Amino acid sequence: MAQLNMVQAINQALAYEMEHDDRVVLLGEDVGRDGGVFRVTEGLIERFGSERVLDTPLCESGIMGAAIGMAAYGLRPVTEIQFMGFTYSAFEQLFAHAARVRSRSRGRFTCPLVVRTPYGGGIKAPELHEESTEALFCQVPGLKVVVPSGPYMAKGLLLSALRDPDPVLFLEPTRLYRLIREEVPEGEYVVELGKARVARAGGAVTVVAWGSMLERVLKAVDGYDAEVLDLLTLSPFDIGAVLASVRKTGRLVIVHEAAKSCGFGAEIAATVAEEAILHLRAPILRVTAPDVPVPLAKLIDHYLPGPQQIRGALDEVLQY
Amino acid sequence: MPLESIGKFETKRLGVLNERGEADPDLMPQLSEEEIRRMYELMLLARVFDERAVALQREGRIGTYPPILGQEAAQVGSAFALSPGDWVFPSFREMGVHLTLGFPIAQLLQYWGGDERAQKAPEGLNIFPFCVAVGSQIPHAVGAALAVRYRRDPAVVVTYFGDGATSKGDFHEGMNMAGVFKLPMVFICQNNQWAISVPLKTQTATTSLAQKAVAYGFEGVQVDGNDVFAVYRATREALEKARGGGGPTFIECLTYRMADHTTADDAGRYRPPEEVALWRERDPITRLERFLEARGAWTPQRRVEAKEKAARVIDDAIREMENVLPPAPAELFDGVLAALTPRQTGQKKGL
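Chains as they are written, first to last, in the working numbering: chain A, 1 to 320; chain B, 1001 to 1351.
Source of the hints: derived by calculation from the structure; they are not laboratory data. These figures come from a predicted structure and were not determined experimentally. Glycine residues also receive a C-beta, built at the ideal position from the N, C-alpha and C atoms. You may find that some hints are simply not true.
[As the list claims (entries may be wrong)] Some chain B residues near chain A, calculated using beta-carbon distances under 8 Å:
| id | residue |
| --- | --- |
| 1 | G1143 |
| 2 | E1173 |
| 3 | N1176 |
| 4 | Q1203 |
| 5 | A1338 |
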């Protein structure tokens, strides 16, 4: 099996599905000749032609809106928005339309659309290139939100997303694009959406993370009896897996790189409080970024949760 | 380098039927007597639908409703030119288009009565749900046209919107993509000159909306939107051009919103009555009647009969609409996702 990074794994998933389903088309800025700003779509225009790998004008709302029309017509479009910060100009299309086409038309039209976008901090990029506002999207019924944590998961989850009958926001942790190499099978395999994964088994505390924070958490928990859950799908998130682990460990730490207030950790904490409060032996702690805009490179290390803060939270709940 | 002109443009305005009901023989589109009769009846159907819908709202039998009064020619004339496989992405004020395309009337009323189930277009009728967020349907039409091109289908994609939408970003993004990719599309702007209280002159500094197409590299034409023959002719030509690979066209139908923005609005607060009176004189249905009368095909009695016929159809639809059982609470979850999430499933059970 080949050792691939996440860029290569995502590229492989796209190529596989395009090879096997002529409804799959890519569109976005620079996805064709340039192969995408992170080269995720490299080589696809040569292989599948410019009608299936469409270089568009610079217009995120237009791209998203066009993808909705394509999906309604029966295609399975995949849009690449170059950075999560640029999805903001496509909010209306995603929130008011993509997520509602099926219910609004009572199933007469559907929106099997995958929105790919690099997300998260720590890549020394300009403003709005390191956003982590996943919770905004999780508030919208009708939209799924998926975050892979490495190459193997990225390929399997993307193949699932590409076959999903509903719109999926696929957040690609930019910092991990070339950081991790894993064995990735060349052929087809799927990782089911809506299922979390036990990334590390343990008994004394549950740590929930996703995306690039998972990598940090796995390093930080060394020496602790911690069970680490890789959430993988945020909307809908795997409530059963979180509850099962918390009922076992009695302690919960949630780690995310988004700001704390109304971050996705709040949803997880509230759900555990509703469903499993009597199993808790310590308060639920959230290790997150502070409630400030994502800073540029000079301050990013003070913004993103680091190993010290993660271990601090573990010590706190274990010693409670 | 000398200062030289690098571009000149002109924008054409099309009118076939003047206000006296006289048709320009050179511009009159080919239409059979039967087709003209159907156009007339559809315009009256749209008029009666509108009158009844406003009355139903006043009686509390449906919710807020956006009238189409005065825009019957622009809507019937354009929709009349469409072919069965064509796709339509409407805004929310084109009920005349729905009626012309055969969208079930009871269902139209049911929607304005607050029942979302009515947005489900019948199979075979490619009309997207109403789009309430102004102009945001325009990129959807662009995407459908990209799909048409990709599938080598003979369809053309038509999108309707108003003058207000031309100020929005999605209009620009959609028009631009349509021009860049030379898509099989027709953009039909119902320029009724008022976006709630904002008049056209506050919406744009240009002398026409049609000329905006120049900036996107394709043709724009202004038509007399109260002239059903001009609207039909311009739309038919644009459809033929699109079907033949000639790319998109922007059609500005210059008409007038005779009524309030919606039944929740009072246009008397911001609009001079003389202006409304002036446009009442330009009623698109009266104009077609003058044309028919000159050909010996119309008498005042004809209008009474046609209106009665339309009223019967609408009243049947009202009865049908009012006999529809309200949705069950569990239908809140219909179509939210192909398969509900575990939490949604629990919420549905808990209703």
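Verification of the supplied hints:
1. The restraint placing B:G1143 at the interface with chain A holds, with a minimum CB-CB distance near 3 Å, inside the 8 Å limit.
2. For B:E1173, the suggested interface contact is upheld, since its CB lies about 3 Å from the closest CB of chain A, less than 8 Å.
3. Given hint, B:N1176 at the interface with chain A, holds; its Cβ is 6 Å from that chain's nearest Cβ, closer than 8 Å.
4. Evaluation of the B:Q1203 hint against chain A yields a violated restraint, the C-beta minimum of about 20 Å exceeding 8 Å.
5. The criterion of a C-beta within 8 Å of any C-beta in chain A is met by B:A1338, whose closest approach is roughly 4 Å, and the hint holds.
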